[in-house]
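> Here are the chains, one letter per residue:
Protein chains: 2
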Amino acid sequence: MSPAIFVDALQNELQSIQYGHSPAELYDPIRYIMSLGGKRMRPLMTLMATYLFTDDWQKAVRPALAVEVFHNFTLMHDDIMDQAPLRRNQPTVHEKWNGNVAILSGDVMLVNAYQLLLSVEGDKLKPALERFSRTAAEVCEGQQMDMNFETRWDVTEGEYIDMIRLKTSVLLGYALELGGLIAGAGETTRQHLYEGGMNIGVGFQLKDDLLDVYGDPAKFGKQVGGDIIANKKTFLLIEALQQAQGSVREELTDWLTKTTFDKAEKVQAVTAIYDQLGIRQLTESRITGYFDRGFANFDQVDADPDRKKLLIQFAHQLVERES
Amino acid sequence: MSPAIFVDALQNELQSIQYGHSPAELYDPIRYIMSLGGKRMRPLMTLMATYLFTDDWQKAVRPALAVEVFHNFTLMHDDIMDQAPLRRNQPTVHEKWNGNVAILSGDVMLVNAYQLLLSVEGDKLKPALERFSRTAAEVCEGQQMDMNFETRWDVTEGEYIDMIRLKTSVLLGYALELGGLIAGAGETTRQHLYEGGMNIGVGFQLKDDLLDVYGDPAKFGKQVGGDIIANKKTFLLIEALQQAQGSVREELTDWLTKTTFDKAEKVQAVTAIYDQLGIRQLTESRITGYFDRGFANFDQVDADPDRKKLLIQFAHQLVERES
Numbered sequence: 114m115s116p117a118i119f120v121d122a123l124q125n126e127l128q129s130i131q132y133g134h135s136p137a138e139l140y141d142p143i144r145y146i147m148s149l150g151g152k153r154m155r156p157l158m159t160l161m162a163t164y165l166f167t168d169d170w171q172k173a174v175r176p177a178l179a180v181e182v183f184h185n186f187t188l189m190h191d192d193i194m195d196q197a198p199l200r201r202n203q204p205t206v207h208e209k210w211n212g213n214v215a216i217l218s219g220d221v222m223l224v225n226a227y228q229l230l231l232s233v234e235g236d237k238l239k240p241a242l243e244r245f246s247r248t249a250a251e252v253c254e255g256q257q258m259d260m261n262f263e264t265r266w267d268v269t270e271g272e273y274i275d276m277i278r279l280k281t282s283v284l285l286g287y288a289l290e291l292g293g294l295i296a297g298a299g300e301t302t303r304q305h306l307y308e309g310g311m312n313i314g315v316g317f318q319l320k321d322d323l324l325d326v327y328g329d330p331a332k333f334g335k336q337v338g339g340d341i342i343a344n345k346k347t348f349l350l351i352e353a354l355q356q357a358q359g360s361v362r363e364e365l366t367d368w369l370t371k372t373t374f375d376k377a378e379k380v381q382a383v384t385a386i387y388d389q390l391g392i393r394q395l396t397e398s399r400i401t402g403y404f405d406r407g408f409a410n411f412d413q414v415d416a417d418p419d420r421k422k423l424l425i426q427f428a429h430q431l432v433e434r435e436s
Numbered sequence: 114m115s116p117a118i119f120v121d122a123l124q125n126e127l128q129s130i131q132y133g134h135s136p137a138e139l140y141d142p143i144r145y146i147m148s149l150g151g152k153r154m155r156p157l158m159t160l161m162a163t164y165l166f167t168d169d170w171q172k173a174v175r176p177a178l179a180v181e182v183f184h185n186f187t188l189m190h191d192d193i194m195d196q197a198p199l200r201r202n203q204p205t206v207h208e209k210w211n212g213n214v215a216i217l218s219g220d221v222m223l224v225n226a227y228q229l230l231l232s233v234e235g236d237k238l239k240p241a242l243e244r245f246s247r248t249a250a251e252v253c254e255g256q257q258m259d260m261n262f263e264t265r266w267d268v269t270e271g272e273y274i275d276m277i278r279l280k281t282s283v284l285l286g287y288a289l290e291l292g293g294l295i296a297g298a299g300e301t302t303r304q305h306l307y308e309g310g311m312n313i314g315v316g317f318q319l320k321d322d323l324l325d326v327y328g329d330p331a332k333f334g335k336q337v338g339g340d341i342i343a344n345k346k347t348f349l350l351i352e353a354l355q356q357a358q359g360s361v362r363e364e365l366t367d368w369l370t371k372t373t374f375d376k377a378e379k380v381q382a383v384t385a386i387y388d389q390l391g392i393r394q395l396t397e398s399r400i401t402g403y404f405d406r407g408f409a410n411f412d413q414v415d416a417d418p419d420r421k422k423l424l425i426q427f428a429h430q431l432v433e434r435e436s
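Line by line, the protein sequences are chains A and B. Heads up: the first sequence begins at 114 in this note's numbering, then just goes up one per residue. Heads up: the second sequence begins at 114 in this note's numbering, then just goes up one per residue.
In short, the hints are calculated from the structure, not lab data. Incorrect hints may have been included.
The list cannot tell twin chains apart, which means a pair is met if one copy fits it or any two copies do.
Here are the simulated lysine-lysine pairs, DSBU-like style, with alpha carbons at most 35 Å apart [as the list claims (entries may be wrong)]:
id, residue 1, residue 2
1, Lys-421, Lys-239
2, Lys-345, Lys-335
3, Lys-152, Lys-332
Could you build the full structure based on these sequences and the hints that come with them?
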C-alpha cells in the first residue's frame, strides 16, 4: 500500500461530489476553493487511520472528504475575517466574488461537510457526528482566540498553544479518530489516535511559524518573513515578546509599531532579534517535543506495525518538511 | 392540550442549552440573538406535528430547537449581508460586536443546530439529518437568490415565489415533517406535512409583504411602508413592475431611482400605484390560495381530528395576523 493510492481515491471522489449549481454565486465558489488544491493531508490521515485496522478503507473516503470540505469552509470564512487577498496564490473568494458570497458559500460548505459525513454507516454515524460537531465548534473557538490575540501584546506561550490546539490541531486529531471509528477501533485506540493527531498538529503549526522565518527561500514557496512584515502573532513573536528586555525589547516594539518601513530591513532586523534571543532553537525544541509526543501516542495504538509505518512516515514528512 | 404548554416546554429547554462560554465573543452573541425573542413558530410547528401522532411530544422539544437555532443563525448572517442595523428593535450582532464576530458566532450556531438535532433517536436520526441538511442548503440558495434580485428589475412572480419557497417556506415544511418523523409517521404523511408547511410558508411570507404596505399602523409594530422606502423587491413591487405601463410605469421607476425623497410621500405615492394596479387584491388572493392549498395538505394527514385542530388553528392565526 502506498499513500498515492489513497490520494488518487480522494481525488476521484472529490471530483464526483455534486455541490449543486443554482444559484451559481453560491456553488461556483465551493468548486473554486476546492480546486485550488492543497495537500489533502486531513482526509489522507483519515484513510491511513482506517487502513490501520481494515483493508476496507474505501468506505472512509467520503467521510474523510467531510473533513477536507470543512477545512476549506474555515479557510473561506477565515480569509474574509483576515481580509486576505490571496489563498494558494489565487484570489480569495471574497476578492474574486464579494464578502456576502463568501459568507453564504461557506455556510453551504459547512452543510456539505455534514452531508458527506452522513455516509458513515450504522451506529458509527452518531459518534462521528457528535465528535465532528464538538471539533467544529472548537475550531471556531480557536479562530476567535486568534483574532482576539491581534490586539494583545502579552499573549503567553500557554495561551498560544491553546489557540493553535483549537484552531488547527483538533481537526487533525479528529481526522485520525474518525478513521479509527470507521474501521471499528475501540475507544482507547481512538483516543490515542486523536491525541497523536493533536500533538502532531501542534508541531505542524509551530513548524509553519518557524519556516516563515527560517525557511529556505528556494524551497519555501511563499515569501520568507511574511509573518514578520504583517506583525503576525506567531510562536516566535510571542516568545520574543515574553523574553526581550531593555534595548532589545525597545527595538522589537519599535519595529512592531512602525507604519512605514523597508520590508527586507524589518525581516532582517526582527530575525536578528530572534537569533539573539535563541528563539529558533526554542521553537525547534518545542516542535520536536510535540512530534515526539505524537509518535509516543502512535506507539500505543495496537495495529499492524507495517500499516502503522505509513502513518509514522507521513508524520515524519510533516516534521521534516521545508515548505 | 394548549399551544401554551408547548411554548413553555420550548422556553424551558431553550434556557437549559449550554452554548459554551469562552471566548465570550463567540458565545455571547448566540445568547444575545436567542434572547431577542420571536414567535418560536418553527419549533412550535414541530411539536404540534409530533403531537398529531403521539402523547410523547416531549422527545421532540430538543430537535425542534435545532430548527429555531438554525433560523436564528440565518438571521445573524443575513443581517450582515443586508447591513441591517436592527433586529427585533435591538442592534444586530454585527452592529453590537462586529462583522467578524457575527460570521463566526453564526458558524457555531449552525454547528449547534446540528448538535441539537443529534438528540433525535435511533434510525430516525439519519433521515432527520439528511432532510435538515438539504433544507439548510436550500435556505442558503434562497438567500443568494434574494441578493441577486436586488440588482434586477425584471424578476417574475414565478422567480419570486421560488425564492421565498427556498428562503422561508422549506424550513416551515421541514419543521412539520421533522415532528411527523419523530412521532413515527410514515413517508406519505410526512410529505403532506412538508407540503402543507411549504404552502403555509409561502402564504406567510406574502402576508408579510402585504402587511408592510397595508398593515394597520396601530397594530403592525414596525413602520408601515418600510419595504417601499428601501425599494425592497417584495411580491407587491414585483407585480407592480410586471404590470405597470406608460405613465404609471414612469412614475414608479421614478420613485425607485430617486436618491432623495420625503419618505411619507414615497410610501403614499407607491401605495397609490399599487392601489391603481389592484396589487392588494392580487396579493390577498395569492395568500388565500397558498393557505388553502396548505389546509388541503393538512386534510390529507391521517391523524386525530381534535389534534389536527391545533395545527389548523395555528395556521389560521398566520393568515389572519395583523403584525
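> All hints, please: hold or fail.
For each hint, the structure was consulted:
no., hint, result
1, Lys-421 - Lys-239, "both (27 Å within a copy, 33 Å between copies)"
2, Lys-345 - Lys-335, "within (15 Å within a copy, 46 Å between copies)"
3, Lys-152 - Lys-332, "within (16 Å within a copy, 59 Å between copies)"
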